[in-house]
Every structure is written in C-alpha cells, then in structure tokens.
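Given chain L's structure and the hints, the job is docking chains F and C with the ligands onto it.
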Amino acid sequence: MTTPMTTPMTEPVYHPAFDGNGFDPARAEGAGLADTRRHMWTAVRLGWQVESNWTDPLLFFIYTVAKPVASLLLLVFMVQIVGGTGAAGEAVRTFVVLGSALWAMLMAGIAGPAWSVLDDRERYRMLKYLYVSPATFLLVLVGRGVSKLAVGAMGTVIALLFAVVVLGLRVDLAAVNWPMLVLTLLLGLPPILALGIGLAAICLQTRQESWSYPEAFAGALFLVSGVVFPLSILPAPVQVIGLINPVTWWVAGVRGAILPTGASSIGGASSLWTTLTGTQVPDGAMTIAVLLLTGAVSTLAATALFRVSERRARERGLLDLTTGS
Amino acid sequence: MTADVTATLPPAISVAGLRRVYPVKPKPVTALDGIDLEVAPGEFFGLLGPNGAGKTTLIKILTTLLLPSAGKASIFGFDVATEAAKIRRIMNMVAGGEQSGYGILTVREQLWMFSQFYGLGSREGWRRVDELLDAVGLGDQRLQRVSTLSTGQRQKMNMARGLLNDPWILFLDEPTLGLDVSAARAVREMVLAWKGAVPGRTVLLTTHYMAEADELCERIAIVDHGKILAIGTPAELKRRVQRESVLRLEVNRLDGGPAVLAKLPGVVSAALAADNVEAGTEAQRVAVNLVLRDDNALTGVMAALGAAGSRVLGLRTSEPTLEDVFVELVGRGFADEADAEAANAGADHDHSHPTEDAER
Amino acid sequence: MSTLFPTRETTADPRTDADWTGRRAFETNLRALVGRAYPRVRGMGREPSWVFFEILLPFLGTSAFVLVYRALQAPEAYVGFVVLGGAMSAFWLNVVWMMAGQLYWEKSQGNLELYFAAPMSLMAVLLGMAVGGLIMSGTRALAILLISTAIFGVQFHLTDWALAIPVFLLTMAALYGLGMMLASLFLLWGREAFHLTNLAIEPVYFISGLNFPVARLGALGAVAIATVPLAVGLDAMRQLAFPGMQGLEGTPPPQTEALILTAMTVVFLVASQRLIRTIERMARSRGSLSIRWQ
Ligand SMILES: Nc1ncnc2c1ncn2[C@@H]1O[C@H](COP(=O)(O)OP(=O)(O)OP(=O)(O)O)[C@@H](O)[C@H]1O
Ligand SMILES: [Mg+2]
Chain L
1 MTTPMTTPMT EPVYHPAFDG NGFDPARAEG AGLADTRRHM WTAVRLGWQV ESNWTDPLLF
61 FIYTVAKPVA SLLLLVFMVQ IVGGTGAAGE AVRTFVVLGS ALWAMLMAGI AGPAWSVLDD
121 RERYRMLKYL YVSPATFLLV LVGRGVSKLA VGAMGTVIAL LFAVVVLGLR VDLAAVNWPM
181 LVLTLLLGLP PILALGIGLA AICLQTRQES WSYPEAFAGA LFLVSGVVFP LSILPAPVQV
241 IGLINPVTWW VAGVRGAILP TGASSIGGAS SLWTTLTGTQ VPDGAMTIAV LLLTGAVSTL
301 AATALFRVSE RRARERGLLD LTTGS
Chain F
1001 MTADVTATLP PAISVAGLRR VYPVKPKPVT ALDGIDLEVA PGEFFGLLGP NGAGKTTLIK
1061 ILTTLLLPSA GKASIFGFDV ATEAAKIRRI MNMVAGGEQS GYGILTVREQ LWMFSQFYGL
1121 GSREGWRRVD ELLDAVGLGD QRLQRVSTLS TGQRQKMNMA RGLLNDPWIL FLDEPTLGLD
1181 VSAARAVREM VLAWKGAVPG RTVLLTTHYM AEADELCERI AIVDHGKILA IGTPAELKRR
1241 VQRESVLRLE VNRLDGGPAV LAKLPGVVSA ALAADNVEAG TEAQRVAVNL VLRDDNALTG
1301 VMAALGAAGS RVLGLRTSEP TLEDVFVELV GRGFADEADA EAANAGADHD HSHPTEDAER
Chain C
2001 MSTLFPTRET TADPRTDADW TGRRAFETNL RALVGRAYPR VRGMGREPSW VFFEILLPFL
2061 GTSAFVLVYR ALQAPEAYVG FVVLGGAMSA FWLNVVWMMA GQLYWEKSQG NLELYFAAPM
2121 SLMAVLLGMA VGGLIMSGTR ALAILLISTA IFGVQFHLTD WALAIPVFLL TMAALYGLGM
2181 MLASLFLLWG REAFHLTNLA IEPVYFISGL NFPVARLGAL GAVAIATVPL AVGLDAMRQL
2241 AFPGMQGLEG TPPPQTEALI LTAMTVVFLV ASQRLIRTIE RMARSRGSLS IRWQ
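Chains as they are written, first to last, in the numbering used here: chain L, 1 to 325; chain F, 1001 to 1360; chain C, 2001 to 2294.
So here's chain L without its partners, still in its complex pose (with noise of 0.2 angstroms):
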C-alpha cells in the first residue's frame, strides 16, 4: 500500500474504565439479605423517580389530588342525590367517603407493578435488561408497586382532607383507635401489592393495550370489598368472594379504627358472616387476624402466580416483545 494507514485503533486502547478486579466468583452469588435490601430500595427510589420525574409540581399535585377527589366526589354525589339527608344519609355518606379514599391508595398500588411491566416492556423496550441485572425482577417491581403506593397514600390523604373541608366529614380525633388504625393501615399494604404483582404477572402475558387492565380489575375489586356498601347486598356466593378478600379486611379494618362506632362493612342483619359466625361484627382483633390470614394467602398466590408467569414468559420469550395494534 502506498497509503500508510495512520489509525491509532490497531493499538490497544487503554482506558480507566475499562480496570476491574478481574473475575469474583462470589459476585455471581450475590450476597444474600443486604443485596436483596439494596435492590429494593433502589428499586423504590427508582420506581419514584418514573413517578415524580415529570417534574412539573403542579401536574404532581393535579395527578394526585384530581383522581382521589374525583372518584370520592363521584360516589358522594351519588348517595346525595337520592335523599342522603339526615342522620342516616350522613352515616352512609361517612361510609362511602372512608372507603373511597383508601381506593386512591388500592388503586395506586396495584397499577404499579403492571404499568411498570408494560411501560418497560413496551415504552422502553428495557423489560429483557431488568430482567437480566441481578436486581430480582419481583423485588424490581415490589418496589415499584411501593412507591406508587406512596402517591397513592397522598391521594388518599387529600381525598380525607377534602371531605373534611368541603364535604363536611366529621371524625371526632380523640375517638379514632390510632394503634389499630396504623396497624391495619401496614397490615394491608402486602396483600395489595400482591394484587399489584398478580397483575403484574398477567401483563407480562398480555399486549400493549392492557393499561387499562388494572383499571377494571379495581372496578371489579370494588364490587366484592365493602367499600361503598356492605358486603350483605351481595347475594351469598358472592359474599364468599368478599370474606376470603384480603381488601375487605382492610378498609373494614381501617374504617373502624378511624370510626369505631360506624357500620361495618362485614357483619349485620343477613349478612353471611353473622349466618357464619353468630356474631354481628367481627371485632378489632378478629379483623387483624383474618387480615393477616388472607393477607399471607394472597402473598404466597400472587407469588406462585409471578413466578409461573415468569416461567412461561421465559418459555414463549415474551419478556422483549412488542404487541402494539
């Protein structure tokens, strides 16, 4: 050649980046609780930083606010229009409003882990690489499912604060079970993002088009939960539904630590649980204990259920697919 080939790329290129401690086998094994812990955590801070990171505070506050108090405001208005005066009108209206403000919190929390599937997979196309860090994929999405849940409990804060101030919601603070309020309040949050990881799990089988998924299964969910009437209007095999949800258990729970002297959504005249049981109401402790119970249960199916799902998403290689129509 009479071109002398002046490139330095045919010497080796050295670079800092590229100094390493040579290969530890021990880092293919991970280190066990700490590294579980970190990945949580990061998975949190990352899954607020997607939440909060479209930065502008007034869409923040709009976002957060507007939802809560609009689905509060839409039932309200329904009770109010068919004759919700007087003390009775007042006593259900109480009801419905506490149940529909911890739905901000429910719906927020299962949304998470399925948004994240589906935002990943498809927006990002970033599935196939979280999937691959060793960050374990469940914890990735827990974590996202908790910091949604986290803007999520604001909602519903805001939606009681609205009801107080606007609606006149009256809840007498000296007589709220503050220990059994917080307890139920954390009880609850497990079996929630458990529904988040169930749907989570079904997303990952599903296309594009499944945003709205979480949507209609709170919808549903909203039917067997006691949230805006009790669980005796249901006819008795579906009542059943309503006693083994762990979601029943908690708003009933949280609502009668906040007013233990209002209805319950559980018990009363006809309703299976005093069919069952005898009793009119289950009581506080009741109530934690069966929480718990469906709670663990719930915990465990929507695990199996990941991790199967997980299992044929390997199978069918559906982890980087893109399903748009």
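Treat the hints with care, as some may be off.
[What the hints assert, rightly or not] Computed from the model, here is a short list of chain C residues facing chain L with C-beta under 10 angstroms: (1) Glu2047; (2) Phe2052; (3) Leu2057; (4) Phe2059; (5) Leu2060; (6) Ala2074; (7) Val2082; (8) Ile2201; (9) Glu2202; (10) Ile2207; (11) Leu2210; (12) Leu2217; (13) Gly2247.
Hints were generated in silico from the structure; no laboratory data involved. Yeah, the Cβ is synthetic: ideal placement off N, Cα and C, and Gly gets one too.
Just chains F and C with the ligands now, with coordinates in the frame of chain L:
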C-alpha cells in the same frame, strides 16, 4: 429506449448548498454543512462516511422528514420542503434495525397494512405482499407474528415494505446492518434485481461496508462532518487516492535490469520484486514492481520491452480498495474522535439502562 | 425489460406518478384508514384475554355502582342511568387509553416516520385508529349493556330511533374526534401525557355524570354539557332511552344536544388537523419525528 426515458427526466436527487443544524442543547449540532450533489435517474448512489457524518440526516431531508436549515433539495424536480406530498408518492425508505409496525400482526398482515398506506388496492395489496414475500425469501414466515421474527427476517420484511409501492427512488440507510453474510447478499441482490427491472429507478444507499458500496454503487460520495469530501465512481475514488498505478510485471528476461524501464517517460519507479526466486536478470522469470504516473505510460513500457526482446509473462495491477480511500480521506477522524471521547468519557451515557447508575 | 423482479405498473415518468388526482388521494386516505383500523380488529381475536378484562371486569365495576343505588334504595331509574353510563364509559376509556397516547407511542415505536413518509394524510391514520378502537369498544359497550340489562332488569323506553341513532353516532364522532385531538396534543407534550390520560378518567366521569344525571351537578353540569362530549352524549342518550324520567330535567333537549355534539365534532376534527400540521412542521424543523435515531 432506456436512455431516452431517463434522459428527459430531471435529476433524481438534486441538492445545492444544503445545511442542517439541529437546535439542541448545549450547543447546536451542524449535521450538514453545505452539501452539493446531483444523482441522475437510474443511478445507484452510495453515501459513505463515519458515524455522525450526516448521512442519515441527508436521507431524512430527502425523504421529507426533515427540513433543510438552508439550501435546496429536490427529488425528480420536486422540492423537499414545499412538495413533500408529491415526493412521498414516488419514494420509499428502509433503515437497518427498523422496528416499525405492530407486533400483534403477522408478517403478511403487517405488509398489507402498509400497502394500504401507500394506496394500493386491497386485493392488489395482498397479491403484491405475497409476491414480495416470495421475492425476499420470507415465504415460510408469512404467517408468523412480526414480534417473533429474527433480525435478518425482520430486515427482509422491511425491504419488502420498501418495495411495496415500487418507488422511483428508494432510500436505504444501512439496510444490511446486523445481517449475516448470505442474508446481506440476498438483500443486495434483491435491490439490484428490483432496480434493474425498470429503467429510471434510483437508489441512494448508506452503508459502513465498503465492499457493499463498491459492489452496488455506480457513484459514491464520501462525507464527513457534514461535507462531501470526495465524489465519483468507485474506480475514480480509488484513483484519486492513488494517482500512480502500481503494477507487477513479470517477463522472461530483462536485459539491462529495471533501470532501463525506470528511464522511460511516465514511469515513477521500477524495481525488482523482493520475491524473485532467482536473483539476477538472466533468470527465466523476472518480476518487477512498476509505479506509473498514469496508465498511459504502460504503452511506452510495453513498446520498450518488445524492442528489447522481453516476453511479458504476467501483468497485474495492485489497486487500492475503497477502504483505503475511506481511511485516506476520513481516517484521521478516528484519531480526533478518540481524543474527544476520552475528554468527555462517561458524560453522555445517561440514556442507557436506568438501573445501571443506581446499581453500582 | 427484465422481468426478474415482480413489479407493479408505473408510467415511464415519476412526475406523472407523483401527480395524483384528488380522487386517488382520497382513495388512498380511505385505504389507509382501513389499513390502520385493521391491526386493532385483528388484535381483538388474537388476544382473547380482553374478553375477561374488557367485558367481564368492567361489567362487575358497573354492577358495583348499581348496587350502591340498590343499597340506598334509590328509584330503579337510576339503575338504568348507571348501566347506560357503564356502557358509554367503554368508549371513553378506549379514547383515553388507545387514542390519546397512541401517536406518542407510534413515535417511540418508529412508526410515525413511516407514516409521515407515506403518501396518505396522518388524519387518515388517526381516523383508522378511531374506527378500529370504536369496533373494539363498541363490542364491549354492547356486551355490558346486554348483560347488565338482563341481570338488573333495566327497562329502556327508546322510541325515537330516528333521533337516537344520529345522536349515538354524533357522540362517537365527538368522542373520537376529541381522541384524535388529544393524540396530537399528547404527541407534542411527550411522556407526561401518559399521566394526563390518567387524569382524564375519574374527573371526566364525575363531571359527565357517569352514574347520575348530569343535570344534578347544576352549573358544573351545564359547563360539562357545553364542553365534554361524554357528558352531552350520555345525557342525550339517557333522555332518549328513558324519556320523561324524573331527574333528567334541566338539560337541553336531545335535539339541541345533537347540535352541540356536531359543533364539538367539527371543532375537534379541525383542531386535530391543525395540530397535525403544526406537529409535522415542528418535527420537520426540529428533527423530532423519531426517538430512536440511527
Ligand atoms: N434529532 C437530532 N437532534 C440533534 N442532533 C442530531 C439529531 N440527529 C442527528 N443529530 C446529530 O447530527 C449529526 C449527524 O447525524 P447522522 O445521524 O446524520 O449521522 P450518520 O452519518 O447517519 O451516522 P451513522 O453512521 O452513525 O448512522 C450527529 O452529530 C448527530 O449527533
Ligand atoms: Mg445513520
């Protein structure tokens, strides 16, 4: 007949003083910096250039997806800025690694959908799709979901999409990116066959595979930093880099040695090849490396050899490859870029996997 | 001439081929519309899970609202209002989830560039998305309507079909027209739009009176009638399906609401066409038609 048809047409591509600046932060990027170019109807034209040279930007402007910042560009006489609608009826484009379409559809359905966008009749669309699927060798995958195709299969499907409307001008942006040797060849052959079927069909290709450009393109422009560095047929470009031609001459005897040849007009140098089996000019076979100012000097050399009674046993040219041309013209670019890279290493990788930073 | 490659008929001159009659351009747009609707309709049959998630679950959700009224011993008429609202919400959800964010999604998939580079108008693509979505959600709405009617024994008293059919079609036109406009707007706004779609559900349900006559919202209801297609459409349909029912008074008659819907449709369609032009101009000058750039 071929000549008549295309001779009356306006240039397939005509570009004058084209500039394109992307108004991005922190400072605007000048992707095209004064391009002048004319591509005749029926030409197979190639664009070569290092990463970031502005090739895709030029293609986007020509395919009406991007407006020029300054200058003019037209396709078959239609201005890219003001007559986009007309251009869109007679062109198509295929990019390497393209992920377009809807995963839920089968290959056949997906292509049919596109055929409808290009205005083919419904029935005609199905027929054309099947025809093209056979032509690109995807017949077996026609009922498979798009989301399950391999990279190569996907690219064949994209090629089929690009040919659905039989464009007058086809823009190919690295169409063989990520394809295996035979798939890449299949794509090349397909494009050639398609182009050859009707006179006047024009192709603009960008690629990083020099051999591909060499094989396909009638003319090539080498661009870097938004400017055309050189333009011509592959042979012209090679000659441009190496004005002298290098020859290896083998004769049965050479009285007086290579010095005799070196004195001839147009001969830059003549020397015994290093691999001569038996040294000395009395050998049965003598190999000489000749460097000529241009090919015309060869006539004189031949005449001199004949007069001296030497019989020519072999004559070979050793021409530079397109890669040599590329390296010669833009090679130093690599060095520049390596420096720049080292300067801001790690500064612009935040668009990678979001967990990455958080992980470590 | 070589017959090596399968080839369509073209003239000998690209200039002739580029010179389309208005009729040909129109036909192409019509075909593009059908082409874009096609994947949506195909998709329905291909992933049967939607029957569960988009028919059964929403039906249960609607039932929850019915039971709220039953628990409150409300007049039976309100059950009918809820069922109609539940059916109509299918269209709204479809607009929100499958129209509003769609162009943005197409952009991130790399489809948008091809759409722009093809000879049809992007309006045709948007209309195709709308028609495809309408077929999907129409199935869902009909299913919810039929199942709920059967289970809760709702009695419709629809007599004025001659008005009901145009009102329904106009409602769809206005809803999907809004969807097309949102799709263009959200393309301009980018990813934040996804959160905005979230915002567009409950608040819109509330001011549209999804579960109660919008008239009961008073002044807010009047504003909704004038601005939100779901509100007007739903109210007009309720007036036609339950004529003279107590609780519905206080809003304009369905004829007037039909006019409002017509006006909305025109406004939305014109706005989305304008927006698309703006988008194209902006995208072409900024270079933002695609996200991935090779
Ligand atoms: N949308 C955009 N916004 C800002 N800058 C851009 C955009 N697109 C391209 N550029 C910049 O313009 C320059 C030319 O890019 P272009 O994609 O045209 O290069 P290319 O020759 O196609 O490179 P490659 O061989 O890597 O594909 C690059 O510096 C690139 O970073
Ligand atoms: Mg490029």
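Verification of the supplied hints:
The beta carbon of glutamate 2047 of chain C is positioned within 10 angstroms of a beta carbon in chain L (closest approach about 5 angstroms), and the interface hint is therefore held. With a least beta-carbon distance of about 9 angstroms to chain L, the hint placing phenylalanine 2052 of chain C at the interface is held under the 10 angstroms criterion. With 10 angstroms as the threshold, the beta carbon of leucine 2057 of chain C comes within range of chain L, its nearest partner Cβ sitting at about 4 angstroms, so the hint holds. Given hint, phenylalanine 2059 of chain C at the interface with chain L, holds; its Cβ is 8 angstroms from that chain's nearest Cβ, closer than 10 angstroms.
The beta carbon of leucine 2060 of chain C is positioned within 10 angstroms of a beta carbon in chain L (closest approach about 4 angstroms), and the interface hint is therefore held. Given the 10 angstroms rule on beta carbons, the hint for alanine 2074 of chain C holds: about 4 angstroms separates it from the nearest Cβ of chain L. Below 10 angstroms, beta-carbon pairs count as interface contacts, and valine 2082 of chain C has one with chain L at about 9 angstroms; its hint therefore holds. A distance limit of 10 angstroms between C-beta atoms decides the matter here; for isoleucine 2201 of chain C the minimum to chain L is near 7 angstroms, and the interface restraint holds.
Among the interface hints, the one on glutamate 2202 of chain C holds; its C-beta lies about 4 angstroms from the nearest C-beta in chain L, closer than the 10 angstroms criterion. Annotation: interface hint on isoleucine 2207 of chain C holds; nearest CB of chain L at approximately 8 angstroms, less than 10 angstroms. Against a cut-off of 10 angstroms between C-beta atoms, the interface hint on leucine 2210 of chain C holds, since the closest Cβ of chain L lies about 7 angstroms away. For leucine 2217 of chain C, the interface hint holds, the least distance from its beta-carbon to any beta-carbon of chain L being 8 angstroms, beneath 10 angstroms.
Checking glycine 2247 of chain C against chain L: minimum C-beta separation of about 8 angstroms stays under 10 angstroms; hint holds.
When the structure is compared with the earlier hints, no violation turns up for any of them.
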